[in-house]
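S.K.: With the sequences and hints as input, model every part of the structure.
There are 2 protein chains.
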Amino acid sequence: MTRKYNFCAGPAALPTPVLERAREELLDYEGRGLSVMEMSHRSPEFVTIAENAEANFRALLQVPDNYRVLFLQGGASTQFAMLPYNLLGNGGTPNYLYTGIWGKKAIAEARHLGGAHVAASSEANGLTAVPRPEDIQLSDDAAYLHYTDNETIGGLAFDYIPRSDVPLCCDMSSSILSRPLDVSRFGVIYAGAQKNIGPAGLTLVIVRDDLLDRAKPETPTMFNYRVMAENGSMYNTPPTYAWYLAGLVFDWLKNDVGGVEAIEVINARKAARLYDAIDASGFYSSPIAPINRSRMNVPFVLADESLNTVFLEEAEAAGLLNLKGHRSVGGMRASLYNAVSEAAVEALVGFMSDFEKRHG
Amino acid sequence: MTRKYNFCAGPAALPTPVLERAREELLDYEGRGLSVMEMSHRSPEFVTIAENAEANFRALLQVPDNYRVLFLQGGASTQFAMLPYNLLGNGGTPNYLYTGIWGKKAIAEARHLGGAHVAASSEANGLTAVPRPEDIQLSDDAAYLHYTDNETIGGLAFDYIPRSDVPLCCDMSSSILSRPLDVSRFGVIYAGAQKNIGPAGLTLVIVRDDLLDRAKPETPTMFNYRVMAENGSMYNTPPTYAWYLAGLVFDWLKNDVGGVEAIEVINARKAARLYDAIDASGFYSSPIAPINRSRMNVPFVLADESLNTVFLEEAEAAGLLNLKGHRSVGGMRASLYNAVSEAAVEALVGFMSDFEKRHG
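Protein chains in written order, with our numbering: chain A, 1 to 360; chain B, 1 to 360.
Hint data in this document are derived by calculation from the structure and do not stem from the laboratory.
Take the hints with a grain of salt, since some may be wrong.
Copies of the same chain are indistinguishable here, so a pair counts whether it falls within one copy or spans any two.
The list that follows gives simulated cross-link-like pairs (lysine to aspartate or glutamate, EDC-like), each with its CA atoms no further than 20 Å apart [said to hold, decoys possible]:
1) 357 with 313
2) 254 with 213
3) 216 with 24
4) 254 with 182
5) 104 with 165
6) 4 with 45
M.R.: Shown next as structure tokens:
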């Protein structure tokens with residue numbers, strides 16, 4: 001068995017020690033004679049797994065006591081609908097910042113369900129820089145302000161947390177747990193698991209207590225944050241195995257890596273290594289404004305796009321997987337989530353340099 | 001490692017060969033250098049896994065070509081909402097049969113979202129027998145008829161498929177794949193995976209093509225069957241690992257067991273063995289009308305309920321796990337899904353007989 005370097009944007013690389021532990025426990029969890037997958041979600045064993053996962057997640061991000069952490073299903077795309085259902089019960093217009101494809105989808109869903117105001121947009125600069133704070137113009141009746149902290153496809157990341165008098169809501173799918181975070185600045189934070197949390201099929205939501213009372217009456221029960229919060233995310237059967245794996249990832253990040261402060265240093269180093277190599281090259285380039293370059297998703301293009309296929313084939317042969325950019329933008333993209341090692345980045349930079357020498 | 005006998009109602013026992021194969025492939029799928037969990041859902045490797053799983057599922061149940069099979073999230077509880085959203089776009093009243101706790105929840109959600117007519121109910125007989133065909137009275141404006149094929153908590157199962165001029169919709173969470181099925185009788189069939197399909201966090205929906213055009217305009221995008229169908233259940237990132245595991249279960253059922261015809265024979269034998277032991281005893285009893293006794297979930301009570309705790313403790317010590325009845329009904333429940341072996345049932349019957357001798 002050889003584990004290759006996996007730069008997939010999501011579902012993404014998981015820490016090898018996490019997978020090894022999962023493998024060890026797969027048929028028999030701690031001598032109980034069954035797999036975690038086969039346990040009742042209401043059994044003492046699974047409840048302990050679930051509570052420990054939440055406790056470690058809360059500890060990692062220092063989530064204040066007046067926030068609930070929900071373990072849900074459906075991905076960020078489901079949150080695009082859940083957010084307006086849960087926060088518009090008192091009326092008002094949801095406000096959005098548009099910085100890329102995911103933000104656009106969130107806006108489209110809010111409009112589909114009633115309406116949305118775009119408070120600032122990166123459209124004019126071709127999605128290469130996020131709006132500056134002074135450019136954000138909320139509507140008078142703003143109910144909340146939503147933004148996408150890190151656009152996974154565009155590789156565009158906020159360099160600041162917007163200030164807002166209305167609840168600030170954020171899609172952090174591809175940046176959560178990559179660095180420390182002041183949760184108290186937010187009303188709602190959500191993230192699909194399949195980047196820095198665990199396998200696909202789990203969605204984490206952090207919601208401030210006082211926002212649990214704003215749901216529209218017609219909110220489907222499974223969409224209602226309050227119902228999920230009051231039932232400890234077990235109103236119905238949760239995705240137990242994904243929850244367990246997320247717990248293993250939190251344990252790894254907290255105890256093996258040393259927490260989000262430690263991973264931030266590593267992530268900064270990884271991203272700098274790759275962006276520096278791109279900038280120093282005459283062959284590779286990044287279209288993103290330096291201040292908004294994502295540490296998690298690094299899109300880049302080759303000077304000669306006719307070499308794209310050869311680049312990807314040679315990369316794969318060298319054990320560097322999933323470097324193709326999203327089908328909607330093309331080019332290349334290297335995702336450098338927490339589980340992607342510095343050795344992986346070093347190997348990528350080495351390959352890119354060699355490729356440039358041979359083809360540049 | 002010792003695998004114990006697991007009678008959990010869900011998440012439930014999985015076939016040991018499936019878990020062994022998952023373990024073998026966990027860190028490196030077929031020499032690709034990464035786990036299935038770490039693959040892009042759009043990679044050729046995962047698309048092949050997904051397509052094979054669907055093909056095997058379709059083959060097992062002989063799903064006709066004019067039905068779509070969707071791999072979704074959210075469990076049956078989410079389908080309780082999705083169904084009215086998707087089928088009431090042309091108006092009409094949804095009709096329901098009430099035979100237990102899950103049917104009641106489906107009715108409650110339909111009422112929450114607009115209204116429902118109960119076309120027949122098992123309330124008068126204390127949820128111990130399903131309505132007879134002649135008792136079903138649809139409303140004049142019925143848009144569809146929904147029922148719960150097998151009530152997981154009550155252990156109450158339909159002995160027939162209702163006839164209906166409007167689309168017949170069925171929650172088959174705890175009975176799907178336990179026997180052959182004439183899918184052509186139905187408009188929509190759905191099932192949470194965590195009984196006979198795979199791990200929790202995956203929901204299968206079988207929907208007839210012509211029903212994809214009836215969604216209410218305000219249907220959330222992630223709730224829309226048509227959107228899911230047109231995107232091959234990959235409108236957003238699906239629960240890839242659960243999908244893969246479901247594929248392994250389908251493969252096991254089709255190729256190791258011999259299909260749903262073969263498992264039906266085994267399931268009938270397992271259930272008969274346990275019900276016969278209960279009926280022959282003066283100590284155990286089943287409240288359910290014989291014709292409606294579930295083969296999948298066998299609830300039973302002890303003549304002396306003060307022995308419940310001792311029964312469960314001794315059963316667990318004997319390697320017989322999760323026999324406690326649902327908290328809402330009490331007593332005992334043995335779930336005998338496809339992955340529960342005849343040896344497990346034999347061990348349970350032996351234990352029950354021994355317990356009766358010592359305590360009866």
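S.K.: Can you name, in rising order, the numbers of the hints this structure does not satisfy?
M.R.: 2, 3, 5
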